[in-house]
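Sequences are here, hints too, so could you generate the full structure?
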Amino acid sequence: MKLRELADRLQCRLEGSGDVEIVRVAAVRDAQPGDLTFVAHEKYAADLAETQASAVIVGTALAEQPTARPRCAILRSDDPYSTFARALKLFAQTTPPPRGVDKLSSIALDAAIGQSVSIGAFVTIGAAASIGARTIIYPNVVIGPGAVVGADCVIHSHVSLRERVILGQRVILHDGVVIGSDGFGFVRQADGSHLKIPQHAAVVIEDDVEIGANAAIDRPPLGETRIKAGTKIDNLVHIAHGVSIGRRVVIAAQSGVAGSTVIEDDVMMAGQSGVIDHVRVGAGAKVGAKSAVLSAVDRGEFVSGHPAFDHRDWRRASTIFRRLPSLKKRLDRHEQRIADLEEKLAASRSPERRS
Amino acid sequence: MKLRELADRLQCRLEGSGDVEIVRVAAVRDAQPGDLTFVAHEKYAADLAETQASAVIVGTALAEQPTARPRCAILRSDDPYSTFARALKLFAQTTPPPRGVDKLSSIALDAAIGQSVSIGAFVTIGAAASIGARTIIYPNVVIGPGAVVGADCVIHSHVSLRERVILGQRVILHDGVVIGSDGFGFVRQADGSHLKIPQHAAVVIEDDVEIGANAAIDRPPLGETRIKAGTKIDNLVHIAHGVSIGRRVVIAAQSGVAGSTVIEDDVMMAGQSGVIDHVRVGAGAKVGAKSAVLSAVDRGEFVSGHPAFDHRDWRRASTIFRRLPSLKKRLDRHEQRIADLEEKLAASRSPERRS
Amino acid sequence: MKLRELADRLQCRLEGSGDVEIVRVAAVRDAQPGDLTFVAHEKYAADLAETQASAVIVGTALAEQPTARPRCAILRSDDPYSTFARALKLFAQTTPPPRGVDKLSSIALDAAIGQSVSIGAFVTIGAAASIGARTIIYPNVVIGPGAVVGADCVIHSHVSLRERVILGQRVILHDGVVIGSDGFGFVRQADGSHLKIPQHAAVVIEDDVEIGANAAIDRPPLGETRIKAGTKIDNLVHIAHGVSIGRRVVIAAQSGVAGSTVIEDDVMMAGQSGVIDHVRVGAGAKVGAKSAVLSAVDRGEFVSGHPAFDHRDWRRASTIFRRLPSLKKRLDRHEQRIADLEEKLAASRSPERRS
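Chains as they are written, first to last, in our numbering: chain Y, 1 to 355; chain P, 1 to 355; chain L, 1 to 355.
Hint data in this document are derived by calculation from the structure and do not stem from the laboratory.
Watch out, some of these pointers could steer you wrong.
Pairs involving identical chains hold if they fit within one copy or between any two copies, as the list cannot separate such chains.
Cut-off 27 Å, straight-line C-alpha distance, at most; resulting in silico cross-link-like pairs (BS3-like, lysine-lysine) [what the hints assert, rightly or not]:
id	residue 1	residue 2
1	LYS89	LYS329
2	LYS196	LYS43
3	LYS89	LYS286
4	LYS89	LYS2
5	LYS43	LYS89
6	LYS196	LYS344
7	LYS2	LYS286
8	LYS196	LYS329
9	LYS89	LYS196
10	LYS2	LYS196
11	LYS196	LYS286
12	LYS344	LYS328
13	LYS344	LYS329
Every value quoted in this text rests on a predicted model; they were computed, and no experiment measured them.
If you want it as structure tokens, here you go:
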């Protein structure tokens, strides 16, 4: 694609010649002639001067002075990071299964298959399931009876959508995702055994949700588990039964949310964090990496630690935690000095009394 | 089902008319006419008064007074939570693959397939494997050569049972479970490389075990990995090679047990917890959420933290951890006050000596 | 195999008769006649005297004295643990799919399939992918278009290799591993939504890497994710996009490494540990179990805790953490005693002044 056309499609201001042919997006240090690259921070200015790329996306503040200009053309953007993401999409090499339904698949006769779908080999689609238009299903996916998959979804290999799970539009599920497995619910009996509470209620994944590889989302006995629109969930995350995850929530890898908990809109959970069952994490709150939320979190709060509390307080406490041995030594020394003082004072006072 | 029949099957005392037709179990606030619902705690008494359900399961202490009675019929139970679980089972909508073996499967000629099994599409069953009667195998499951699956098991999609793994009866494996993968064992060589210790010994999953989505259970080089009867394991749990898990153990999501460790009967491990290798966790012990057990745990002990120790002590210590900055300030102030005292005392004593 | 031949193949010194037929390797307490067993530590000397095995692998220092000798033959080795691993390999019972390509597979016409491969049922191999000689692919594996798999690899069931992923030689991937799923990268937009950054760059898994069940390794938008030669990764590990893992690294189960982080050669990460994004963990460093590395780690350092710091310091601090309640009580008592001292000193000095 000519750089001129690219500038147009990315809605950037072009500085330099638009005639160069762009074939790829590459990192600033790896870029070769024909590549478009990207520099967002002043600290990479040196890379900018050295790059072999044919064009670079930069923000409005960067490389403005003639001396700081790279030799290549510039695509100037108010939001260079978003422009970079859009450029990557233009050059993305995706290789979905071909349009149509692979003959080595097992599609229930009464399944409703939308227009222009791509369904790969060894895919199973259960009775009365429906698949929206243009949805791409990679090989070896299993979609249970009665499941509803919206339009323009991308479902990678080895995903399990259990019976009656509902997916919105433009949902992306990475390989090995499980949606609708039984919630972990038992009633302890008098003999110590665990009576299973059947888990057959709804799971709803709304529009524009993306879920990472081998993540698992359980279904509840009653009510529903729901992941609201625009939420992004990373690899190996566990969402328990009856959980409600708000809109635009971000949950990083290996985090978990226990049963019936409510995560409100725009919450961010860092990696390996966890939230206990039956609590509410308020809108816009943040949970630090590897933190364990054991009670409710207020809107906009940032918590860390185990148990989690205010992030800045946790950082302060953690700093002192490292020094506990020296604090303890000081405490021991105080003990001795106080005892010495007490003795001396007693000694200095008793002669007084005697005198 | 008529409420009268339901009361009979659930062995509850019916208070009200038994003529109403019950079609579903629903949450107390969502329930509609035709629904059975469930209230276990006094605090939901208000919901009870408001519910649209046709009948409600309650305990012996609830809604006894005429004023507290709901408008609907009552199924009174000594153990309402268990009754609720049994009611859910009666109304459960499961949609296993049809009886028989899907023609798009790959079953070894010498595999022994029990009566009345349901085996879905794209299932592979290896040489000399055996599948018990009435066992349900969802699509895309792989059962390795020589594996033994008991009767009345339910094996969901994308489960891998590796070669010679043994499953008891009524075992439930959720989607993506891996049983019998190689334990993580290597011998470091003089050149720094890791020589693999082959892991080909036994894995035994006893009766009535349930294992959550994408959990992984490894096999050892010698001896066995064993999960004893009635144990329940949640999503994304890791059980290392040579581990022995007792009877009726409960292990919540994303927890892990390292190699050769013994978890005795009736232990409960909360979510994201872990136990180090080669230790014993005594019968009935509890491990708190996200806790790291780095040494043996006594019978009945409840431990939390990293490293884990007595739960109540951990809670007390955690409460003080938050206040470490203020404790440190107090320590600093003590230092100053002690120094002041020492100086003053020295000053007050030296004149004495001089005098 | 005759013990004499076994001694030869394992390059051990044989003490006793070499005529006995060895059929199996077994644990010292389980061993029966015909079994080879293994004792590495002095503390199992009692087992050695009792064993029913026909032969035992021991080190140079063990069972040297005639009184300590077992009744069975001895294979003496400078490195008994490695000898044990090699013996296990000789007797390993593996049951890969038969040589050739299962007819119930879906292999792209232009895929390059090496000599003597074993490809099981319901395997999908995408366009232009290549599979090295003697590689074993278990049932229900999906290998994406353009992926390159080296020779002598073992790929277990339900593995997803996404498009263009590159695997070296002798790579072992356990069941459910996902390689090349999209990295977790988004740009927050003014309206709060998350714009996806396409993730289509390279993932390279070098020679002799082994990856545990249900682990997930993401691909980046630019550059590459790379796991270098000889590295071993356990079950349910998460490796984010753009991460570089060095040679001979060991990462235990349920650990995670966040985006763009560099783990240098010979690092060891214990179970459930995590490393934040964009940091470097120096060669030979160790990360303790369940620890959270939130900043760079120097070569050879051993860190633990959350956040992680020097392991010995962490242990000392953790020991005191448990005693925080008693420390706080001591602090309270000091407060009182200092106040008492101040009062007494004031009282003892004021009369002086008056006098």
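To see whether the hints hold, each was checked on the structure:
| no. | hint | verdict |
| --- | --- | --- |
| 1 | LYS89 / LYS329 | neither (59 Å within a copy, 54 Å between copies) |
| 2 | LYS196 / LYS43 | between (57 Å within a copy, 24 Å between copies) |
| 3 | LYS89 / LYS286 | neither (29 Å within a copy, 39 Å between copies) |
| 4 | LYS89 / LYS2 | within (16 Å within a copy, 58 Å between copies) |
| 5 | LYS43 / LYS89 | within (26 Å within a copy, 53 Å between copies) |
| 6 | LYS196 / LYS344 | neither (70 Å within a copy, 68 Å between copies) |
| 7 | LYS2 / LYS286 | neither (43 Å within a copy, 50 Å between copies) |
| 8 | LYS196 / LYS329 | neither (53 Å within a copy, 47 Å between copies) |
| 9 | LYS89 / LYS196 | between (46 Å within a copy, 9 Å between copies) |
| 10 | LYS2 / LYS196 | between (62 Å within a copy, 24 Å between copies) |
| 11 | LYS196 / LYS286 | between (34 Å within a copy, 20 Å between copies) |
| 12 | LYS344 / LYS328 | both (24 Å within a copy, 26 Å between copies) |
| 13 | LYS344 / LYS329 | both (22 Å within a copy, 24 Å between copies) |
Checked against the numbered hints listed earlier, the structure breaks hints 1, 3, 6, 7, 8; every other hint is satisfied.
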